[in-house]
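Chemist: So you can see what is in the structure, the chains are spelled out below.
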Amino acid sequence: MTDATSAATPPESFRGAVWAQFRKHKGAVFGLIVLGLLVIFSVIGPLVWNPEKLTVVEALKSKNLGPSLTHPMGTDQLGRDQMQRMMAAGKVSLAVGFVAMIIAIFLGTLIGVLAGYFKRLDGPLMRLTDMFLALPLIPLLLVMVMLFRDDLSRAMGPEMGAFVLIVFAIGVTSWMHAARIVRGEVLALKEREYVLASRSIGATPRRVILRHILPNVISPVMVAATLGVAEAIITESVLSFLGLGFPPDFPTWGRLLFEGLEYMQLYPERVIFPGLAISLTVLSVNYIGDGLRDALDPRIRGR
Amino acid sequence: MLTFTLRRLLLAIPTLLLISLVIFLLVDLAPGSPASEIPLTVPPEVRMKILEALGVNEPLHVRYLLWLKQFFWVEPLNGFDAIFGTNYAEGMQRIISYQSRSPVFPLIGERLPQTLTVIGTAYLVGVLIALPIGIYSAYKQYSLFDQFGTMFAMIGFSVPTFFTGTLFIIIFAVWLGWFPTKYDTTLEVTDWDSFLTQLRQMAMPVMVLGLANAAAISRYMRSSMLENMSQDYVRTARAKGMDERTVVLKHVLRNSLIPVVTVIALGIPSIFGGAIITENLFGVNGIGSALIQAIRGNDLPMVQTLAFIFAILIVAFNLIADLLYGMLDPRIRYD
Chain C
507 MTDATSAATP
517 PESFRGAVWA
527 QFRKHKGAVF
537 GLIVLGLLVI
547 FSVIGPLVWN
557 PEKLTVVEAL
567 KSKNLGPSLT
577 HPMGTDQLGR
587 DQMQRMMAAG
597 KVSLAVGFVA
607 MIIAIFLGTL
617 IGVLAGYFKR
627 LDGPLMRLTD
637 MFLALPLIPL
647 LLVMVMLFRD
657 DLSRAMGPEM
667 GAFVLIVFAI
677 GVTSWMHAAR
687 IVRGEVLALK
697 EREYVLASRS
707 IGATPRRVIL
717 RHILPNVISP
727 VMVAATLGVA
737 EAIITESVLS
747 FLGLGFPPDF
757 PTWGRLLFEG
767 LEYMQLYPER
777 VIFPGLAISL
787 TVLSVNYIGD
797 GLRDALDPRI
807 RGR
Chain E
0 MLTFTLRRLL
10 LAIPTLLLIS
20 LVIFLLVDLA
30 PGSPASEIPL
40 TVPPEVRMKI
50 LEALGVNEPL
60 HVRYLLWLKQ
70 FFWVEPLNGF
80 DAIFGTNYAE
90 GMQRIISYQS
100 RSPVFPLIGE
110 RLPQTLTVIG
120 TAYLVGVLIA
130 LPIGIYSAYK
140 QYSLFDQFGT
150 MFAMIGFSVP
160 TFFTGTLFII
170 IFAVWLGWFP
180 TKYDTTLEVT
190 DWDSFLTQLR
200 QMAMPVMVLG
210 LANAAAISRY
220 MRSSMLENMS
230 QDYVRTARAK
240 GMDERTVVLK
250 HVLRNSLIPV
260 VTVIALGIPS
270 IFGGAIITEN
280 LFGVNGIGSA
290 LIQAIRGNDL
300 PMVQTLAFIF
310 AILIVAFNLI
320 ADLLYGMLDP
330 RIRYD
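Protein chains in written order, with my numbering: chain C, 507 to 809; chain E, 0 to 334.
Just chain E, same shape as in the assembly (with noise of 0.2 angstroms):
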């Protein structure tokens, strides 16, 4: 086991390595560059200048190992210093956005906090909502109940988040008035009132974006649950006299979980690739909205930070996914 977690993530360096080399270039080579912002009546001298200021006027290379060198050293150390206080990061350059002109990864700091609740959220009730459904539909196959469960999760494969959550404000907000059709980033939960105030706000949101992962998640429950009913061991558990809740509810469903586990783990970074829909709908302001800001505004630092981080998040969550299914599944060992 231990070996194979040091292989993979060995085997995780050159994948990141290329993916940083690939989105560096994709975004560094593309003709909207900043040296083409600037308008042509700007003197040679001057632009030279700005283009100075920007960091943009080094060779290629240079730049690239600037921004890996800024990217896995100086702000991690800058992180450390915030922490504990200590300074070995001064003097150090930091990533830094066109648009603010102050480091990203502070920026990226205060927008984290409203991504994780309301897309966390939504990712919680959608597997709360997909695993009963999953094990009922399995339970009682082909019934009425499987039948509705399958085509939940047709429509929640197919109808796109943005459309869901433009229904959901009509709906719910425009028409019945229950919850604000925009995300107040700024209120604070300071008591019960602002507490239901903060909670009727998350609601849709955390609806869209959990229909649409559960829609997933219950079929992946449905089919793992209905691999197990068939065992021999749920034969004899039922031939020993077990009531039906002791072997659905213990023996199935504990054995079914281990390809769901993974196949949540291996959701968790593509919700916040889907939560770019989510968030710029209801105008929650978190990481998904700065991604979008930052392409409209043209700041390639930002973009280009915010893009790699979410590639690191999906290759750890690949790794994870995998080891967790190698320490929950006994039939599966890697050495």
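For reference, chain C alone in the conformation it holds in the complex (with noise of 0.2 angstroms):
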């Protein structure tokens, strides 16, 4: 109570008091460790690792090329540098992932907050987070790909309009954990005394929301945010393993492993290296979300 103590073990802030659990997590660490190296790699790689454009008659003499010193990872069938081309593809698959992730998330904790604060919208919202969840997703979306793709693409061009359509089937498919969690916790919220001291003063539903309600559900949704990530990147590989993904000219790692397929058997590095991106990917990005989940509950928390 006296300031004598309280001098000499500094108050930690929130934000390193999670970073410190944080960092016990082994298995965290090194996720964000990879995840960052698959970052750079994607983000930065092409900066760097710019091979010149080839000729016909180059491209022709060095197709099918295995991995050497000037083509780490070897080249395609048509004799493109295959790391290139998985940097750009890394770009892309990263860009799926988060950007599904936000309107996943975004549309979860809409819900989630209507149906949490607001009695009357309850059953109907909850009941329709209940019917998108017994959808059969993968289904649906390979329907909803293959439906809309061409008229996407004449629209916003190929390269935009597949992205725009696999994102945001992504998301409006995949909103409905980050609903439940966010639903829950607000409903235990809105019962405590500050949520009610802020509402006798005359606050608005809006402001209450925004105010008190919503930094308070930021830990559970940004758990729930990670792992969205991850699951966004399979459920994209998974579309574009099945051929129903993005068009060939602008890959995802999804898209690779699938072009590699044809060529497994004679040269399998064209498989494993998209293979091992996506795994490492999904996997770092899901130990990340077991230490944040660790890291953001207080009753782990300084242990």
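These aren't lab readings, by the way, just hints derived from the structure by calculation. Each hint should be verified, as a subset may be incorrect.
Claimed, not checked - Taking lysine-lysine pairs in the BS3-like style, the calculated list, with each CA pair at most 30 angstroms apart, reads: (1) C/K597 - C/K532; (2) E/K249 - E/K239; (3) C/K567 - C/K597; (4) C/K530 - E/K139; (5) C/K597 - C/K569; (6) E/K48 - E/K68; (7) E/K139 - C/K532; (8) E/K181 - C/K569; (9) E/K139 - E/K249.
Everything numeric in this text was worked out from a predicted model, so none of it was measured.
Using the hints, put the two chains back together into the complex; each one sits in its own frame.
Modeler: Below is the structure:
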């Protein structure tokens, strides 16, 4: 209670405490490093690694090469440098993961808060969530991509069209878990005294939600968001793997794996590198989620 | 219990109707409809004829209701006829596949055994791997085995089945040559040799799916065991002088299996969805690959029917899991 004791152990900031706990989780730190390396590889890599454009003859000569110093991951059946493709693909894969997660988390938080805060909306919104959970997602995503791909690529160009379609499709089919978590949290928070106090001085629901409820549901939402990235990347690569993802000149890791399948028996590295990239990303993101869950849980933190 | 079951069954009806509507509308209103597939050079009256033959010239609600009737009334009647040799369904219009111009349900029926043998075995193998791992990791919490189990589960969660599948093909089929790369659907098991061939060709898809399923289930098993290990009744059993074997495998295991059984039931429909990838990779001619073929061929009735069957499976197994939970756990009473 005295100043002397508090001066001896300065009160940790929330962020500092979370970071200290997060660092204790070996897997999470490993995940953060690996994910960081992968992000650097795909974002900064193209600036450093930029092989010259090949003429037709050169391309013909350099097709289907194995890994070497000039081509660390070999070349593909058209003589393109595989590492350069991996970098470009990584950028798209990671972007799909993050953007789809943002859409899913936005929808999930919105629906969760509305259902938790307004009693009248709770029933219908939760029924909607249950219904979405009962939808067979992979088949529906495949159908959505197949049916809408041509029109969107006509409207927005093949790359943008595919990106918007896939990100949107994954986003609107993966918000349900976030919505359930947020609703549960909001239901509990709503009964707390500070919310009652805020309401009793005449704060509008909008203000109560934005000012008092949302900041307090951030922890579970962040964990859900991390795991959401992993799920979105897997879903995208499943679509690409089945040949219903991005166009071939706009590759993702899943697409590269799909293309490599044909040459799997002769050039296994063409399947292994993209597969490893996907697996490592998902693994590290899952570990980060695990670590975040521990770090953000006040019952575990500080023990 | 009975009232709960009835209430849940009644609640499932509107859910399923809504899902069927969503699936129907999504597939039907999408731009890639059969009408857009007909070349523009086809004269209008011929185009009308084609649309009529496909049954897509009626208004939307008529088509939806017709599809529902076909799904819930005509097709079951046909099944009844096939089994008992009656002919109640004669003259009724069935759901026809655009690709093969034959009814959809027999096509699915042909595919189903392949899926059930491969995917069913895979799930069984997954459960059989997962339970011992979960039990032993919980019993020796934080031991080396437990840490390996945790890592195994994390990797099983994270590495997608299409990558484990391709890795297995490269390692076991291409390099080592132990197993064939493709699953041969025409193989008939008649004697010991063909049985061995069947086992060899099933090995890889079963291992791939089995490992993926085992990862999740072993985690549930472990946490459920841990929860029960610290209960009072366990201490009582130990205090009575029972040997560890009985305490763990009889007292703790039985109680820990309750939530795990429901998780296993909940996972069954998702294996059908997940099987799409494995079936495609290994060339198993099941309903997952039927769905992909139908999607590629723009075969709307087939896609709608298969997607709706998946949805029914999900709703049904959710219900089964809830009921199982109530039956197995005496602390939970629904009335």
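Chemist: Can you confirm whether the C-alpha distance between E/K249 and E/K239 stays at or below 30 angstroms?
Modeler: holds, 14 angstroms
Chemist: Between E/K48 and E/K68, does the CA-CA distance stay at or below 30 angstroms?
Modeler: OK: E/K48 and E/K68 at ~24 angstroms, within 30 angstroms.
Chemist: Taking only the CA atoms, is the gap from C/K567 to C/K597 under or equal to 30 angstroms?
Modeler: Holds, because 28 angstroms separates the two Cα atoms, which is no more than 30 angstroms.
Chemist: Is the hinted pair E/K139 and E/K249 satisfied, with a Cα-Cα distance of at most 30 angstroms?
Modeler: Cα-Cα ~17 angstroms, so holds.
Chemist: Keeping to a limit of 30 angstroms between CA atoms, is the pair of C/K597 and C/K569 held or broken?
Modeler: holds, 24 angstroms
Chemist: What's the verdict on C/K597 and C/K532, does the C-alpha distance respect the 30 angstroms limit or exceed it?
Modeler: With a Cα-Cα distance of about 27 angstroms, the restraint between C/K597 and C/K532 holds, given a limit of 30 angstroms.
Chemist: Holds or violated: E/K181 and C/K569, Cα atoms, limit 30 angstroms.
Modeler: Given that 30 angstroms is the threshold and the Cα spacing comes to 27 angstroms, the pair holds.
Chemist: Has the given pair, C/K530 with E/K139, been kept, meaning a C-alpha gap of at most 30 angstroms?
Modeler: It holds: about 22 angstroms lies between the C-alpha atoms, which stays within 30 angstroms.
Chemist: When you check the alpha-carbon spacing of E/K139 and C/K532, does it fall within 30 angstroms?
Modeler: holds, 21 angstroms
Comparing the model with each numbered hint stated earlier shows that all of them hold.
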